Amino acid sequence: MTRSPAQRRPAPARARGEAAPDEGYAGLARVQRVAAAVVDPEIPVLTLEDLGVLRGVERRKGRIVVQITPTYTGCPATHAIRLAVEAALAEAGFADAVVETVLSPPWSTDQITDEGRRKLQAYGIAPPPRGARARTLFGSETVACPRCGATETTRISEFGSTPCKALWRCGRCAEPFDYFKCL
Amino acid sequence: MTTSFSEPGREPAPAGKAGTAPAMPLLAYTLALADDALVLGHRLSQWSGKAPTLEEDIALSNLALDLIGQARLLYAYAGEIEGKGRSEDDLAYLRDEHAFTNILLVEQPNGDFALTMARHLVYAAFMQPFFAALQHSADARLAEIAAKAVKEMAYHVRHAAEWVIRLGDGTEESRARTERALDELWMYTGELFEMDEGERALAAAGIAVDRRAIRPAWERTIDATLAAATLARPAERWMQSGGRAGRHSEHLGPMLAEMQVLHRAHPGVTW
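Listed in order, the protein sequences are those of chains A and B.
Using our numbering, read the first sequence as starting at 340 and increasing by one per residue.
Using our numbering, read the second sequence as starting at 13 and increasing by one per residue.
No wet-lab data here; the hints were simulated from the structure.
Since the structure is predicted, the reported quantities are computational estimates derived from the model, not experimental observations.
No residue lacks a Cβ here, since even glycine has one placed at the ideal position from N, Cα and C.
Any given hint might turn out to be false.
What follows is a list of derived Cβ distance ranges for each label pair [to be verified]:
1) Arg486(A) - Glu174(B): 46 to 52 Å
2) Pro515(A) - Gly95(B): 30 to 36 Å
3) Asp222(B) - Gly470(A): 29 to 35 Å
4) Arg402(A) - Arg192(B): 57 to 63 Å
5) Arg259(B) - Ala489(A): 52 to 58 Å
6) Glu174(B) - Arg402(A): 46 to 52 Å
7) Gly432(A) - Thr65(B): 34 to 40 Å
8) Asp195(B) - Ala489(A): 52 to 58 Å
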């Protein structure tokens with residue numbers, strides 16, 4: 340979701356190269372593409388777009404501002420993501436772009452895209468069900484094994500290798516697996 | 013560590029938006045919430061590497077991380093309210109014991125695993141409904157921090173409750189330890205509901221949460237968990253107090269010395 344700059348200007352001639360500060364809307368669209376393609380440092384199959392943490396790109400007082408939202412408040416990946424976005428933008432010619440953290444509305448696993456869910460599954464991480472947070476948190480959870488699809492699975496630990504994951508085991512293929520828990 | 017919520021050009025949420033409460037109570041309120049989260053987060057992190065099982069080691073580290081994350085957001089905001097350029101690091105590492113206004117419950121030593129879980133249940137069972145109420149605060153920034161924290165605290169309540177039930181309804185040894193833990197901690201539960209004049213003014217302005225209104229939800233969670241654990245709620249007793257005024261037990265000072273030593277030995281150190 341790209342926010343329009345306050346004063347949209349027509350795209351100028353590309354005399355000064357793609358990263359020219361007055362590039363306007365087309366430039367912001369490219370910033371959006373570059374930022375969206377950055378991958379999560381802890382789940383490297385997911386891009387920021389898949390994860391749903393990219394909140395907007397805008398030009399403010401002449402600077403490009405990219406807004407991201409943290410998943411868990413204490414997630415160390417937030418800082419790494421910020422650095423990765425700045426590095427990717429610098430490489431694409433937007434050296435003065437700044438990354439800003441926004442909290443509201445709070446991130447939820449419902450913001451992970453369908454493509455993101457498919458990638459998680461293929462990577463061996465059971466994706467979170469949509470819109471099921473209240474039920475899964477306080478009722479019984481049914482989590483399908485990402486390897487064999489069986490639903491005879493049990494939770495080994497509520498907390499896994501990162502704040503967003505729990506550790507489960509499949510009763511059919513006996514493999515342990517990560518489950519991206521609902522938030 | 014730095015969390016930039018005040019990038020050039022972005023206006024921070026105005027302090028005391030509702031306009032009737034002065035800025036200082038809001039600073040004190042935000043700092044107290046930050047101190048609660050940081051001190052308990054640090055306590056939990058002391059289990060890292062030596063929890064009873066590997067899964068629990070990871071769980072406690074994750075719980076600690078949530079609390080430290082919440083503390084960072086609150087300290088960053090407190091620094092902005094104060095307006096003297098103090099960063100979240102300055103507030104966490106360069107204040108002395110008596111400047112900390114956390115409740116006494118969170119600074120109590122980890123003790124055994126039963127005590128850590130009982131302490132966490134008592135805290136999380138309060139903070140979950142507290143943040144649920146604070147997300148409707150008239151202060152936009154506190155509201156958005158609470159909206160994130162409430163989702164995390166739901167997991168904390170569940171994890172701590174599951175353990176208290178397992179330990180209470182477990183072996184003779186685990187039951188005795190859990191009973192003892194609740195008994196030792198109970199006198200620190202009164203502070204959860206204390207409000208000073210500044211906090212009452214903030215509550216009247218719709219910024220702070222009326223802590224007394226959280227009591228029914230807290231009691232429901234505690235009573236339901238203890239019933240499932242076949243444990244009795246400790247008898248009502250005299251309540252310890254003083255944390256919010258900076259009067260701490262003998263345990264906070266040594267904990268801060270350990271927590272702050274690196275930053276004080278190497279001022280301004282970063283990763």
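Status of the hints after comparison with the structure:
Between Arg486(A) and Glu174(B) the beta carbons are some 27 Å apart, a value that contradicts the proposed interval 46 to 52 Å. The beta-carbon spacing between Pro515(A) and Gly95(B), approximately 50 Å, falls outside the hinted interval of 30 to 36 Å. Checked against the given bound of 29 to 35 Å, the beta carbons of Asp222(B) and Gly470(A), roughly 32 Å apart, stay inside it. In this structure the supplied range 57 to 63 Å holds for Arg402(A) paired with Arg192(B), their Cβ-Cβ distance being about 58 Å.
Taking the beta carbon of each, Arg259(B) and Ala489(A) are about 57 Å apart, inside 52 to 58 Å as hinted. Between Glu174(B) and Arg402(A) the CB atoms are about 48 Å apart, so this pair conforms to the stated range of 46 to 52 Å. The supplied range of 34 to 40 Å is broken by Gly432(A) and Thr65(B), whose beta-carbon atoms lie about 50 Å from each other. Judged by the Cβ atoms, the range 52 to 58 Å given for Asp195(B) and Ala489(A) is violated: they are separated by roughly 45 Å.
In this structure, the earlier hints numbered 1, 2, 7, 8 are contradicted, and the remaining ones agree with it.
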